[in-house]
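S.K.: Residue numbers (this note's numbering), protein chains in the order written: chain A, 2 to 334; chain B, 9 to 507.
Simulated from the structure, these hints should not be mistaken for laboratory data. Incorrect hints may appear among the rest.
Computed far set for chain A versus chain B, every beta-carbon distance over 10 Å [what the hints assert, rightly or not]:
1. Leu54
2. Ala205
3. Phe272
Derived SDA-like pairs (lysine to any residue); straight-line CA-CA distance at most 25 Å [as the list claims (entries may be wrong)]:
4. A:Lys128 x B:Arg372
5. A:Lys128 x A:Ser163
6. B:Lys352 x A:Ile322
7. B:Lys426 x A:Gly77
8. B:Lys212 x B:Ser55
9. B:Lys426 x A:Leu211
10. B:Lys352 x B:Ser275
11. B:Lys352 x A:Asp221
12. B:Lys442 x B:Val30
13. A:Lys128 x B:Val30
14. B:Lys426 x B:Arg341
15. B:Lys352 x A:Leu211
If you want a taste of the chain A side facing chain B, the calculated C-beta under 10 Å gives, among others [claimed, not checked]:
16. Tyr191
17. Val192
18. Arg196
19. Asp202
20. Ser216
21. Gly217
22. Val218
23. Leu273
For every residue, glycine included, the Cβ atom is placed at its ideal position computed from N, Cα and C.
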Amino acid sequence: MSGALRPAPGAKPRHALSPASLLRRFGPLLGLLILCGALGGASDRFLTADNLLNVCRQSAVNALVSLGQLTVIITGGIDLSVGSILGLCCVMVALLMHAGVPPVISVVAALAIGSALGAVNGILLTKLHLPHPFIPTLGMMNVARGLALVISGGFPISELPSGFRFWGAGSIGWIPAPVILVLLFCGAFYVFLSRTTIGRDIYAIGGNSLAARLSGVPVDARLVLVYALSGLTAAAGAIVLAGRMNSGFPLAGVGGELDSIAAVVIGGASFLGGVGTVSGTLVGALIMGVLRNGLNLLNVSAAWQTVVIGIVIVAAVWVDIVRQRATERGSAE
Amino acid sequence: MDHSPLLLEARHISKSFGGIAVLEAVSFDLRRGEVHALVGENGAGKSTLMNIVSGVVRPDAGEMLCEDRPVRFEGPRDAQALGISFVHQELALVPQLSVAENVFLGRHPVSRGFVNFREMHERTRRVLAELGREIDSRRLVAELSLAERQLVEIARAVAFESRLIIMDEPTAPLSDHDAQALFRSIRLLRARGVGVIYISHRLKEIFEISDRVTVLRDGRRVLTQPTSEVTPEELVRAMIGAELKERLQSAVAGSVQSEEALRIQGSLNLTVHRGEIVGLAGLAGAGRTRLLEWLFGAGPAHPVTTGGDAGPTREVWVNGRRARLRNPVDAIRHGLALVPDDRKAKGLVLGASVLRNIALAGGRTRFFVRRSQEVRMAQQWIGALRIKVAGLNQPVVYLSGGTQQKVVLAKWLFAGAKVFLLDEPTRGIDVGAKAEIYDVIRTLAGGGAAVLMASSELEELMAVADRIVVMHRGRIAGVLTRAEATEENIMHLATGGAD
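Looking at chain B on its own, in the form it has when it is part of the complex (with noise of 0.2 Å):
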């Protein structure tokens, strides 16, 4: 196997973004019927390098080889048109059309100037037969699982006789059972020469399907080796460092006060006391976001796939008494509050004025608004919080990302919250604004309010938690205390070792 030609290889690779490296001399190769693992903590430089191999971003420096042959790639229709293909986490297909159109979108088989339907469905069930699977051509993708669609994607890239395809945590939307058919079919295609690079978190599986795992990490290569001769244990030291990195100590250290404000029971179970950060660590898809709006009674109306089942069978205790949140005015009643993950979709009316926002969740109590008490709180809040604003009516789309967030803050003291449930509550914001929301994160606890805060940063978590809960594939798979949590257990229980 070692002696089977090079497909590709990357060569000292080097790309920077705004004066930041994202790879450093990274190098790359992947063999003809070799699954590649490729992992790395978010940020690690997994997606560069990637769309770099795809054609899509160009390197600063460093050269490809495909086949021993030097090749430069001006845009993807370069990388493709030598075989490679990226299959990405979000799927591009078109649900109105059947299984058979998507696979050939745009290079339909042509007859005397017709689209030949009879070869193209003749040629897609081929092509799903050698993948191993069977679903009717002539379906529409839109009746298709999440698991049959990504099939399809792959047959695409099958149909268009790619040597190479790239798989961006194909796994992460599909249950094991379905996971086990798209190892199936991954065989196939190693057994058919065909070489695949395999990103993913999830350790257990790249033991079971990839040949070779490299792992990047600050954007260098820190280890490539047969995954046969590596232990998980060394794959998650490789993956955060050998050295863990000095713990930012909080300035109010273990104040946790007994009073319980927040408790989940049921399947899943949770408890967050008056005074306490409790973070919510887990990888992407692990169901942080799912479970926070789950408890704000923010269920699936809005278009976000929530995997189809009725509910998860808990109960929610809010200051010790039993409390049905079915939808946020709910949740608003019992003092909860909701900092979303993408404050521009879900927490800011953008076109609004900093007032509107600031007084949207609150006083909806009262017919009448009573104008200058609202812009005298809001002026408290903004002046509590030193959001820089330059007057109440400026509208908040073109505030600064740590600003906005400031003002989703304020909204909810303004409402009177007793209860935070943060998601990602730092995402897109510079290091200094970062420093202040944890800031106005410890004075909430050290008020006396409960705060669930969700981070794909641990460094963040392990700063700003006095416990961490951490979740795996929609369940919790460990709760870690101060002290015990470092980056490596973290790790291992969010990529599933404890399993």
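Chain A with its partners taken away, still in its complex shape (with noise of 0.2 Å):
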């Protein structure tokens, strides 16, 4: 056995972070810094406390949201159907509770049911051997959208119980109960993708499929528990929204998709799967939500928003995309 492959005592690690890695990992919470000193340089109501509270808060729902659209975009696919979950749970959350269902209860029924949407597109994906994870969600984005239509009658409902509001509208000490809501949903999706094998599993998926199955990857399973997850945080998103609005409406959450998927875009994760960090969407999360408050502040009207906000998506992809290429080329040398 002298001859046998043993492990050879190891050096230590060593813990390099090149300027490009930082740029990567620092590049949209720079641009988060310069949007925001732009915007208190053209109007004085920006830069203060209450208003840049009232961004977070605003943007929590976006967030909540993006957290579960970053999971899914990290595994190579996209889930189109969360805004339409979003809204058939706020709907459902507040029926519970105008059924005297316990607001509790209501709550953990609406996170359920998101969930199981999700698994049900991630078990479309897997077992039908549909193409693309886009044909799945596309039809739950629909059927999720009809019922919450069918179900509500067209009509929201409104009057919800204070307890139930607190996480939408409430506050703990100067801080947006949303706010603590999203920090806490944020530590949770960082510890599980960067530090339990499910996690790595994920990032795996993403980066080469077949090589995550023939290492043992169980890939179908990971995928249903990723779009379940995306149900769970778009729900999440659900209360949030019906809590602040004190109404569950059905049209809740319309283009909340595209917003997530923005968001988790503009926070430096990759299309082509295998890339994307908590902390990058949620700085693109709030990316998006300075931008619609410093336009409304600048009186820009809600149309011109919509095409600033498409020429920042684009650019913010682009921006990234040159910087990979010239670490690339760094790299290849």
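Dock the two chains into a complex; use the hints.
M.R.: See below:
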């Protein structure tokens, strides 16, 4: 056995952070700071504590939804149904409470419904061998929105219990409750994605699903979990939104899938899969929120805001690609 | 027949790539109405010669004549204009279009600015009839069998009025029945004066279909004769060289232990013992990769056609116990490891770091990653395998082929594998790194691991393996001990000589 291959005594691991990787990590944050500076210069109402807290509160729903979307995009997929799942959960949670179900149980039920619908997306994708996640989630997007309208009769369900409204409209001290919720979710997703073996599997699937499968990653089970998590965060977004608006309304979250995809992509994730961080996504969601808020303060019409956001999305990805090409040239030499 | 005019004559063609001579003064000719077989081992220069004939590659020296007139091809179009067509192994058809549209792709018959579909279908039917086969010209190519698709490709060549058709291993994906149909079409073409250059590894069909045969070895022509005047033995000897190359003796010889590590029983029988390296030889398409991936539970979930059969009736024993290996998770739990033939597509997450790749297959039983332990183990295997990397966070995409392959091996050592299935472990790896990979393989076996290693390089198998199992068309054609394993014996079995 003397010739047997045994692990050699190892050297100390080195942690090196090159300027390129620093830029990749903090690029979106830099963008956010520059944006805040510019808006602060353009409007004296922007850089006030009240307004900034307001921005955070407004960004909370998108930030929550984007965490699930990030997980999906890391696998190389996309989830178009999150906005509709949000709408359906928003109606469901309000209906349950109107029917006399205690708020806590209603919230748990809404989270379960969101997760289940997400899991259905994952099962459709992996068991029916549909060609791309686009298809099952596009189907779910229509089904969930339709159900939200059917169940609510098309009308908002207003006047919700005050205990429930806390997570949308309340504060702890001066910090808005939804901001605390977002931070809790961010922490959980950060630990899940970068400290657990399942999180590692999710990145590996996005990097090369065939190699992952041949290395023992249960790809189908992981994908079902990932889409279920996306449904879960959409439901969490629904609870915050319903609380803030004091209403469960069937058109909640229309366009939410696109806002979440934008936040994830601005935050540095790659549509090709395998790349993306929680912190980047959080910053991406804040950039979206800051833009909307700042443009409002500057009296830019809603129509023009949409134009600006479209340009920002494309520009953010373009900057990212230019940066990647630069690092690749650097590494190849 | 000897006096029929030369369709094509290539004189003293030489070609080298990056300083390595691939063809050295090779001459080759083809008469009207002749089937000329071209044979040789992988790397003998067949493909390069055919790429020159079809205008894809330009020769460094030598001249080409078409019906006694000197020609110079600047590109494939020039060759096509002279009626030279290449039917490639990977068929170049558009599955969503009809048979007729594929036959006339890019040259649709037109009347008054519109595609004349009636004429297109009519002419397609005529061409298919000339080939002696019937396919509805309106069917979509996607619905056709592999054999029918191949026929469409040949029909395209005929519709182009090709006088010279090159076929590169046309029977590789075909059943015997379909191969016979193909031969009938080839005979009809021959009767019409079309010349066919027929590349194949299968000796039987060379004797069945060809009029003359040319053997290339190491970029030189070693034989051109009428097929009726050579024997299969002469052909094999010409392919691999009369004098057998000195075999490399491995440092650990005859250390085969008796304990059985892996056994397959059923439609195919194979045993690998602990400490043993079993080589898996066979020509392209013999089923080596399919066997290894099937063992590993990695069936047809990736886009590789597996012939459509429901799966072979075989049972697998690992360490003497019956094992159900339905997927890679099962296989890994039983201590199996697969080093796939295409490490970039199947072995590595290219964009991820060395650490992530090494830790990819192991430690999944825990929920939380133990980063410090993971780093320490990865560092240890990097040291043991002498993997040259700048750091654990370096992406594997920029590493050399040999280093990447060591990362794949480290991944399985990290996961604690005991039975190694290696598929072409040194493909695309330079000579020095190959020797290191052989060392690793021998050391693995020396440490008690069982190794089943498929390779198309016979010298490699003869240097490393304790026994060599030769496959032919999905079956085991024979098992050779180290002493019996000469290139001649292996090639004889691999080309179906034992049938």
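S.K.: Looking at the structure, which of the earlier hints fail to hold?
M.R.: 2, 5, 7, 10, 13, 16
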